[in-house]
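K.L.:
Listed below, chain by chain, are the residues.
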Amino acid sequence: MIIAQGQTVPFIVMIATFGFVLFWQWRAKQGKKLPELRIPAGVKVIPQLVGRAVEMDRPVHFCSGDTGLNYAFTTALNAAAWSILSYLAKTCAELGATLYVTTNSPDKYLIESESVHAGNVLAGKPNYPIDVEYLSPDAWAYQAKAVSLMKERKIAVNVMVGFFYIAHMSMGQGGREAGAIGLGGTDGGDIHGIIPTCDYALLGVENYAAGAILSGDTQLKTALIGQDTMEYVILGITILGIILASLGIPQLSQLLSN
Amino acid sequence: MTAYLKSRQPVIYLLAFCTLVCLLQVFFPQVPGLTPAYGYLSSWMSILIGFVYIPSTISLIVRSAKSVQKRKERWYVDAIILAMMIITAGVYLSGGQSMSSTQYRWIFNILYTACQSAVWGIMALWLVYIPTQTFLFKNVDMALFTITAVITALGVHAPVGTAIWGGFPIIGQWIVNYPDKGVSYATGVLTGVGVLLTGLRMIRGQEKGVIA
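Each protein sequence line maps, in turn, to chains P and X.
Quick note: the first sequence uses the working numbering, first residue 11, plus one each step.
Quick note: the second sequence uses the working numbering, first residue 2, plus one each step.
In short, the hints are calculated from the structure, not lab data.
There may be inaccurate statements among the hints.
Below 25 Å or equal to it, Euclidean Cα-Cα: the simulated BS3-like pairs (lysine-lysine) are [to be verified]:
id, chain 1, residue 1, chain 2, residue 2
1, P, Lys164, P, Lys54
2, P, Lys164, X, Lys139
3, P, Lys54, P, Lys43
4, P, Lys54, P, Lys135
5, P, Lys155, X, Lys67
6, X, Lys73, P, Lys161
7, P, Lys164, X, Lys71
8, P, Lys155, X, Lys71
9, X, Lys182, P, Lys164
10, P, Lys54, X, Lys139
11, X, Lys139, P, Lys161
12, P, Lys42, X, Lys73
13, X, Lys67, P, Lys161
14, X, Lys71, P, Lys161
15, X, Lys73, P, Lys155
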């Protein structure tokens, strides 16, 4: 067989997902009505958070987790985080807020600088200050320094979207103790650190949708609708699988294991 | 031509090509040339990541030096960072560029490991303190979170739970086996679709945070 063993179903899911996206893009081009998208509270609230920072004359802090680019499974979440960073930088430049970014990874340092620059350009202020600080490659040293900076600078807003191995709880609590409103976002096992320490949370797939929602681009909107369509299909298959497995019919689970 | 090279298009095409090779290698590893191409790309990624250490390290040096020069708050911490950076680099270069030299190993074993353990110890106490925030019933979500956490802790992780009431292990194990696993799988599946679409948007140059 030409497809690797155990990869047939993932391959079909991938092709079907791309197919759904193309279908909704085709409908958008035809001028037909598209379904409305729900905007997560964590996304809607960003301008208000930045406004708070301006009123208090205190900075906004952003960090995109404590992992670098060498972990493949965190790359997509990092990409989503940079889209949010770009939007945050744009909002800060528009409203005149001070944004600083801390990172523990040299490879993310350059990309985050570019993301902030992109946000500044989109705001029409290409020379607005870019403050990205590489603190330490060691996650413990990084979080200790980052928390220290939060308290020292008395941040007003703490945005932490990305994959965290160990720093989520301490960074979130550090922000709270500095008097900041927290916006967290993650899709992994670090959710338990985000929820208790952040006021707003982007959970799971909301992180990936955030960048597309914030762009306001119709093409990206259709991609999100395509994504949701696939999720409904998966939900349907899951419910069907539960019913069939409960009735003692194993064919569907056998088919999906291919 | 120069304007084209400066635009985002070549980056997008390069990214699309690399992503396609990586994707196809997963699904069709037997197609000739795909696996070696994937290997070459992985090697190039390591090389490129090696280069990005230079600007980030320079930024760290410049910021620390400015802090010391302007006597900013806690400038002495930056002075220690700078001094340690210079000493470590000097020891490495003078010791035959080897990490197994006696002096380098002394720095690593006596200074670095000890400092790391100290930070670990301090942060561990901090991490013990943070979950107390969870046990505040701030809203319905947090109340649910707290009740589940207490039952799971008493039923699965703390033997004292069994001593208090025999039902704790049964309820705790049920939470771990069914709602926890179900939600984990559901989140994983939905996240997978999100990752797939994020990849598609990156290939098409629509993730503006990535391809600035």
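K.L.:
Hint by hint, say whether it matches the structure.
P.N.:
Evaluated hints:
1. P/Lys164 x P/Lys54: Roughly 24 Å between the alpha carbons, so the hint for lysine 164 of chain P and lysine 54 of chain P holds.
2. P/Lys164 x X/Lys139: 24 Å, holds
3. P/Lys54 x P/Lys43: 23 Å, holds
4. P/Lys54 x P/Lys135: Answer holds: lysine 54 of chain P to lysine 135 of chain P is near 23 Å, not above 25 Å.
5. P/Lys155 x X/Lys67: Holds, at about 17 Å.
6. X/Lys73 x P/Lys161: Between lysine 73 of chain X and lysine 161 of chain P the Cα gap is close to 15 Å, so the pair holds against 25 Å.
7. P/Lys164 x X/Lys71: 20 Å, holds
8. P/Lys155 x X/Lys71: 19 Å, holds
9. X/Lys182 x P/Lys164: Measuring from Cα to Cα gives roughly 39 Å; hence the hint is violated.
10. P/Lys54 x X/Lys139: 22 Å, holds
11. X/Lys139 x P/Lys161: 24 Å, holds
12. P/Lys42 x X/Lys73: 59 Å, violated
13. X/Lys67 x P/Lys161: 20 Å, holds
14. X/Lys71 x P/Lys161: At roughly 20 Å apart (the allowed maximum being 25 Å), lysine 161 of chain P and lysine 71 of chain X satisfy the hint.
15. X/Lys73 x P/Lys155: Given pair lysine 73 of chain X, lysine 155 of chain P holds - Cα atoms ~15 Å apart, limit 25 Å.
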